[in-house]
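**Q** Chains as they are written, first to last, in this note's numbering: chain V, 1 to 403; chain F, 404 to 806; chain A, 807 to 1209; chain L, 1210 to 1612.
Read the hints as simulated data drawn from the structure, not as lab findings. Wrong hints could be hidden among the right ones.
Said to hold, decoys possible - Derived contacts from chain L toward chain V, CB cut-off under 8 Å, selection only:
(1) I1215
(2) E1392
(3) K1396
(4) A1476
Glycine included, every Cβ here is placed at the ideal spot set by N, Cα and C.
Protein chains: 4
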Amino acid sequence: MNKNKIVNDPVWGFIQLPSELAYDIVSHPYFQRLRRIVQMGLSFLVYPGAVHTRFNHSLGCLHLMKEALDMLQAKGVPITAEEKDAACAAILLHDIGHGPLSHVLEHTLLPSVSHEAVSQLIMQRLNREWNGRLDMAMAIFNGRYDKPFLHQLVSGQLDVDRLDYLNRDSFYTGVQEGVVGTERIIKMMNVHEGQLVVEEKSIYSLEKFILSRRMMFWQVYLHKTSVCAELMLGHTLDRARFLLGENEELAGSPALLQLLRRPSGQAADDTLLEPFSAIDDSDIWFSLKAWTQSRDMVLRTLSQRLLERKLFKSEMRNVPFEKEYIERVGAETLEKVGNADWLPYFFYEKSLSTKSYKYDTKEDDGIRVLLKDGQVVDLTTVSDLLDRHFVMKVDEKHLLCHA
Amino acid sequence: MNKNKIVNDPVWGFIQLPSELAYDIVSHPYFQRLRRIVQMGLSFLVYPGAVHTRFNHSLGCLHLMKEALDMLQAKGVPITAEEKDAACAAILLHDIGHGPLSHVLEHTLLPSVSHEAVSQLIMQRLNREWNGRLDMAMAIFNGRYDKPFLHQLVSGQLDVDRLDYLNRDSFYTGVQEGVVGTERIIKMMNVHEGQLVVEEKSIYSLEKFILSRRMMFWQVYLHKTSVCAELMLGHTLDRARFLLGENEELAGSPALLQLLRRPSGQAADDTLLEPFSAIDDSDIWFSLKAWTQSRDMVLRTLSQRLLERKLFKSEMRNVPFEKEYIERVGAETLEKVGNADWLPYFFYEKSLSTKSYKYDTKEDDGIRVLLKDGQVVDLTTVSDLLDRHFVMKVDEKHLLCHA
Amino acid sequence: MNKNKIVNDPVWGFIQLPSELAYDIVSHPYFQRLRRIVQMGLSFLVYPGAVHTRFNHSLGCLHLMKEALDMLQAKGVPITAEEKDAACAAILLHDIGHGPLSHVLEHTLLPSVSHEAVSQLIMQRLNREWNGRLDMAMAIFNGRYDKPFLHQLVSGQLDVDRLDYLNRDSFYTGVQEGVVGTERIIKMMNVHEGQLVVEEKSIYSLEKFILSRRMMFWQVYLHKTSVCAELMLGHTLDRARFLLGENEELAGSPALLQLLRRPSGQAADDTLLEPFSAIDDSDIWFSLKAWTQSRDMVLRTLSQRLLERKLFKSEMRNVPFEKEYIERVGAETLEKVGNADWLPYFFYEKSLSTKSYKYDTKEDDGIRVLLKDGQVVDLTTVSDLLDRHFVMKVDEKHLLCHA
Amino acid sequence: MNKNKIVNDPVWGFIQLPSELAYDIVSHPYFQRLRRIVQMGLSFLVYPGAVHTRFNHSLGCLHLMKEALDMLQAKGVPITAEEKDAACAAILLHDIGHGPLSHVLEHTLLPSVSHEAVSQLIMQRLNREWNGRLDMAMAIFNGRYDKPFLHQLVSGQLDVDRLDYLNRDSFYTGVQEGVVGTERIIKMMNVHEGQLVVEEKSIYSLEKFILSRRMMFWQVYLHKTSVCAELMLGHTLDRARFLLGENEELAGSPALLQLLRRPSGQAADDTLLEPFSAIDDSDIWFSLKAWTQSRDMVLRTLSQRLLERKLFKSEMRNVPFEKEYIERVGAETLEKVGNADWLPYFFYEKSLSTKSYKYDTKEDDGIRVLLKDGQVVDLTTVSDLLDRHFVMKVDEKHLLCHA
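Use the sequences and the hints to build the structure in full.
**A** In structure tokens form, the structure reads like this:
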């Protein structure tokens, strides 16, 4: 890679690294590690094409950030070269804290540490290493820079992160429903009193964007089979952690085992960085394969079923399962597994909701629409389709998985 | 997966498993393992989107086989339901013998065993397990079935394997040059005296197919940077094998180490099956990470450079490098590594040729064109572009890589 | 064209004419005439790529009909070869009654004749010519055949017409918002008690389908600029009709003039067929060019502005324009045109609503969803997004155009 | 259209008009007229999707010109704002002289006037109208501007014209063979001593470009059926011209008839402009329809067969037809038409060659490749595939058409 590198991307075509800082970030081992972390967790068990990585996605975000900033400049929004580099650095680093299989293990591997907290740790480390070169990028990332639109492009209801992942995930899964008119939306962006706004005539594209995201959630991200696989994997790690707690000797990736031995309530701190940055998807698969030889029936069975895609049966409903039904299925499952202590590893009940996945939370940070008359209003006040009722509604589904 | 499963494929749309046999093959752990093996080896270090797997590709081939057989039946070629199932099984299994990173390690991990030999072992094992259900599929696969066109669709100059991988690799790399008019070529297929032929008016599409393949070889498959990475990985494994021979204790994947300890001249036999089917890409990445802690400087350095994509400098030319130039670069490299025993691990010279990659070998099995007047001739006799001179020519390039 | 003709289609790939009847329809001058009629009227003045024809669209519908029927047969729905041919004929002929610029002139050129009425006339004529070969196709077309699902595929809330035009119009305009998961929807179709149903797991695709259609209406079909151009063209023809009524001599296409002289209340009858089938888009453009030399200022001005795309200024709003505003703009326009009799040709006010465009009427013919438990319910009862409130709501917009 | 207009293009996405000059050209009636002229003549009779217009194509060229100039500037090539506007104007106007059906009638309607000559007339007229605003654009267009690369981008072996039409024609025909890596080729462009060059690593893309063009010629542009239709249309106009010479009264478009009455040897001059700019495809279709009522059997028959796509039988071969075969088919045709004077209208023999279509002429203006060592050489000296022998070879085919 020379410092003016162009990369082929199947989604956006050629992506150019716009600065030396971008080049240095991409070249760093922390970033190269993202090549070994799939973007969509275990979704590839349902959509076999979906094996693209956080590395791809991060470069795609960089590309869209550059497009958006160029377009805003062309519209007369003042943005300095340094701000441009910083915003590009911020978006490149926005997912640097992801661990193996992206979101899948976020609350399992390190129960009390979010990927955002790890991102902060890593950025701080890099910034120290690089003597403050990331100061402005971190200010933008954390919403402390006084041009809020830069932060909103990194992280907001209409950030380049979403504009990339919806199209990218559609591309790799083959599910056309998620395709979003990204080029059009970017062309319609503007800045009004420091805030990111979109012009009125993009309303239909915005509606489409919101709904594509909702559809991708239910049709892909929360597909009952991949959620079931994720629950199985989470319980596998839980079992390993339990066995380690019992001083059981376990094979598998040493760095992964080290993290599993960490007290589950311990917050993110620098002791995390070394083992965390040492692991990626290969540690999971390698360990699962090792665990198929474990003496523990639970660990052995779950590992093998994941590797061979012999997933549990799963049912998803719009209304909660009746208590009797849950009990009956639980009893049947217990009969199969033969040990009440083991049941929680083979029988899961879970509610999935958009609240927990925040696909359209409103907070104070909605999508601002710039009307032709110069007013700025929230999207929900001008969209016929996305009225507040719809947008605020919590979609909820109920999942039951059993061996 | 129910036995009438439809799978989303980003390249061909929906793919339907056409038979219970196909379903059983896809469900088998040997086949599920292909989910963890990338199709294009280390090409993703140059084309970051190219992380698709042998699993994807095998399903894609299945789809094209079904399309081709349906079309031939519609043209009146007699094909029984059993033959259809068998041809589909044969194509599903054609890559079952691939090891980690597909072709990359084919001559390094097991120096005297080809992936085809492993495929045979695995098919024989499955056929025993399944009491002969694969008899006809294996006859087709091995060219022993008396309808040669079935074998030619599985393995020939115009097989569905190539028709899938050229389009699929183009799709995932973003390199448009490889796109092939697959749908058109399949529509033009026919059978003449038991042999697969293509109708005359497809000549331009066939020329395009041959040239797309040639371009993909030089622009993608043999890209100097990914070949360099592959050589580095091969030498890393060689070093590990050497150290094991010296009774050095090595961390890393036990199954991988077991294979590396295997006498290098030993042919394929059943003792191979267990360790071989236990490993996939994750064993390579896991071991490389473990080896970054090795006491051996060679193993440690190579492993780290691969993980962090700090690849050697590589040069590629159409003519051989001058002897003096090679010696000079060799001497400079030696100075850097400081030990003549280590030099071969940090300095590679290699000729790449189309012969070794057989992109257009003619043998007796060229592409047969059915002329309007009923004659069948070889493509090179009717193509203005692809005359024998061009097709027989051995393209050769020369590569020099050094730390 | 031989009778087993394959046609290249940029949207669906290769389209095969499935029967001799289909071949004969496509070869007929009535059908070839559709090559000279654009699908999307004057939309190409806004989306310059949208110059595709009714001929393309009709072949696309044929293709989807064939896919749907093949798939239903594969699921065990009994469909005879004759029914298949008839359904294919019905869909090929569904737009045969379209006149120049498709919908644009539907209520202007022949104020009291719909394109469906003309379609009936033409089918009857063809059926007489062909001694009843179209009997079954016409029964299906008119909903008189006792397998209702065949009619529903031709004309219903989820017919192949819509599945083709949404994707096709998206493709040619470059507006991605209209892309629909056609392949997925067709795979999910089934028949229940003779009615077309779709399986429950397609709900997200169906929601997307309904919303894509709504978005295409507002963003493309009812784009204020193309509606304005259509109103201008309608008024141009009205002016020509008025001048003919005044015995003014007019240049232009004789067949077009003949239709304009027809009493406006006259219903569809066989006297219509000859002049109607003689005209296509070229008569409109040719006549507009001739009329730029007219002595009549209104006719001359409108014709020239259409040809040179000097369209009126147009405003579109969600709420009705205030009376005072309309009056003020009217007065300003009057001042420009200088003659109160001419004002209606240069000043239009119009309400556009989804009711008039029926994008989601419910009638008795909604989209039937087959639940997993075997029940069949209307889509709106199971969709979280498309509740009855939303679906029944009449979207209305208000347009003002002035010179 | 406001002066900062963005246009949706299905091939390249959003196209922005880069200057007021570009806006004024696009708005001019001469340019709007291109909306009514199909890009690919009668190819739509074989590829029904290919109904895109010169208007689309000209905007597409504008887009690529802008991309190329931006990229060259980014590489440090000095280009002033005025030169940019002028080059954009030159490419917008490069096809302004095309008449109905683009190339089809180029040597029939005005036998001694090329479309380039008409383009010159129109540019001169516009330049007078606009007081010299097009001076620089015309200098670039005519190769008189002292930065040759600007002319080479407008018209050369690797101009944006070809880069647009190959992709666009592929897109609209559905023939994938013509897709070209335009984005990649543009990224590899540079300027060396004032000449346009492409960097060495683009060689495979350039080979693909040359071959795609060759394939498109034989598979699409020179498809025997559309060439046959074009010959039929040429002979129809010849017949009309002959009848007018005999003082026969003919219906049809007056402006078209005026051009047909023009002495066939008369060169391009200003008297041409008015009738020429008045006609477009609609005049052809309208006249053909009028001529189906002609008393002249030849004119009537040819017109009707074109409208109803009842084309002559056509045969194409790589070697010339034998004299006897031609005579035999001629005699059979004569028997059918019954009049020796009419035979030339119903029986055509024609050789098609790449020379006449100049797909790879070398002249002094080949494709210059900038080698890594700084040398500039012709593509054919560094391409393994495109050696001089192949490139200089005249491909020739022979066509026979008869009623």
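**Q** Now tell me, hint by hint, if it's right for this structure.
**A** Each hint, compared with the structure:
1. I1215: holds (7 Å)
2. E1392: holds (5 Å)
3. K1396: holds (6 Å)
4. A1476: violated (46 Å)
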